[in-house]
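Novice: Chains as they are written, first to last, in the numbering used here: chain A, 18 to 215; chain B, 1125 to 1635.
None of these hints come from the bench; they were simulated from the model. Be aware that a few hints might be false.
[Unchecked claim] In silico SDA-like cross-links for lysine to any residue, where the CA-CA straight-line distance does not exceed 25 Å: (1) K201/A / K1170/B; (2) K1170/B / R1180/B; (3) K1169/B / Q101/A; (4) K158/A / Q1613/B.
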Amino acid sequence: MISKEEEKDLQQLQIISIDDDYSIIRQFIDGDKSAFQILVKRHKEKVRNIIYMTMNNSALVDDIAQDVFMTVYRNLKHFRFESQFTTWLYRITVNRCKDYLRKMNVRKIFSPIEEGSEISEYPAPVESNDISRIVTDAISKLPVKLRMPLILKDIEGFSYQEISETLNCEMGTVKSRIFRGREKLKEILQPMEKELMN
Amino acid sequence: MKKDLQNSELLSAYLDDELTQSEKAEVEKLLAASLELQKKLDDLKKIKQLGNRVKRIPESPFFETRLMASIEGQRNESPIIKKWIPITALAVVTIIIMAVLKFNPGLIDKMWEDQKVAIAGFYKENLQPVLLAANLTNEDVFNFAFNNELPLDDTRHQYLLLGYDDSGKEFFEIRSSQEKIERESYNEFITAMNLDVEQKQTIDSIIGSYSQALQAQVLVNDQNTIAINPNLWNLRKAIFADLLVASEKLNKEKFDRIVPAGITNDEKVVVFNTLEKLKNTSVDQYIFVTPDSIFSDSYQFDSREFENEMREFENQIKLSEKEFKQFTLNFRFDSTYSSLSETKNEHSFRIVVDSNICRVDLPVPEVPEIPIPGMATIDPLVEQATNNIHFYAYKIPKIEKSKTEIKIEYYNDDSVYSYVVNYDMLNMDSLTEANPGLDLYNLDELKPVGPLDDTMLIKYQFDRDYYNRHYSDDEFKKQMEELQKELQQMSEELKSHKFRVKSEVTVTPKK
């Protein structure tokens, strides 16, 4: 449990963090283009990780992340200081991922089937104890609308409020999707329960 | 149910510390009262904790450098020119297209037609009769007439299955199997009809006479195209009926148990006329099954020209002493077909794809076929004979249900065994009490039907379509034999327990 004092400190920290992003953005709007580099340095890893978890494809991460920051760069001068910069940044990230997933699905329809290729719905048992890989693969099997809130909550530690703003949906929906995501994940991981418990 | 779901969602939010004080108190109260909820919370916690075990993607040392270089590169392009490039290009392309279309108004239609003709032409190239390509034997032709199955290539891994759905509409399936498919139907038939070597030779020569008629019915080529003539269903029926007529002459006594009513002279005339008509008429409309589409189109297969070509080809082979290449069909049941299967239009082919079966229902109105008067009159004969041959040759039990009882008949050695089980007397409780070791539910290959009552036997209803879709005849035969054994064992056990079950077993010596 967090004490009241700790809670106050945390709020203070958040305000500082908002202020920090805000002041950097103001510098950028005032013409200091190098300020953008500070924003990138500060947020790039979280953005890259959200992309990595959503796409489950490390080869795509930097391309999509670059696309996200280019969009931010082009539109930053119109930033209205009404919400946190990160909410806006993660919303762009999530939308870019959705765009890529859509494109990949379209491509899949037209690409030839490789000899002997077989896409399994559930991850095959692995010999190594790479829990991280098993879990990442299992998350990637979730439908996108369950996958996104689950990643933001259980991997990135967002609050329901932040997830709701990032994904632009109701808090009740976030609550329900996180629960359904966890249930579905449990179902997918059922065959490798032993590996996970060890 | 709804309440359970709400509670579960609340638990998940409780775990995330996202509840109001009152909700939290409510959940804690529910938790204290329910072990089930505690277990659910524990499960959710384990899943949530897995998030901590996921490794983050390693940092990319060059990410910022690359990003800033891209930004720098973009800044150097003139934003005004860049802004107008797409729209200018679009305008130029539009003007060109408009100009071309003004002078050639039918251009798009023509391109579309050309494209269709080119694609259809590609798949129609080098089509040859499956009879020759797959090196079909008399056994294969016989099996086609009796079991509706026709191998599609030399390797015997893929074959065509013809059928009729419940409404009598034709469908076909292209089936694929890991193992080589070999049937013993011809031998089974010879045994069931008790034919000697000489009589078998007569049947052989009759089958040989169908090859000309069959030749143009199913064509295949190296592009994995299968062209099926819509008259194939009728031809199969006519061949089957003709074989029955021939068998009657060869062994009347055995034939009578397959068709107890016999074949009338009128039916014989219809069979003869149908077969002659089908042999001598060619229909130039085929159903083409290709790796990416199914369509109906005209195609003329000239048997004589093909035979001449083949003769020449064989001579060349003999001269060059090259080995004849084995024809292999590799028909893939790919995702393209899944998207085709969404077509609901009754004028289109309806396609259902499973991992190793592709079923195609023919549209209504069907592809044009030759009018055959009187064909319908031989349908009951064909149906009765098919069922009886399966009964005698494959030992598939006959199951007849009435309001008061169920009658099961099966054939073994030289006798017909008949069980009559009364519904009122046989129920699940009495069976399980009397037979503690009997695993009645282990008949999982049989399709369960609605829970009408607790009588074991009518909970399982034989569904031949289900079997055809999932099992080969050999597997089916094996399972049926196992079922027979179980039924016998069950009957004996019930009798020995002298339980309140009335089951009658009568053995009728073979006619």
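Novice: Next, verify each hint and record whether it holds.
Specialist: Each hint, compared with the structure:
This hinted pair checks out: K201/A and K1170/B have alpha carbons roughly 13 Å apart, not beyond 25 Å. Between K1170/B and R1180/B, the direct Cα distance comes to roughly 19 Å. Compliance with the 25 Å bound is thereby established for this hinted pair. For the hint pairing K1169/B with Q101/A, the CA-to-CA distance comes to about 30 Å; that exceeds 25 Å, so the pair is violated. Only pairs whose Cα atoms come within 25 Å are accepted, and K158/A paired with Q1613/B is rejected, the gap being roughly 48 Å.
Going through the hint list in order, the structure does not satisfy hints 3, 4.
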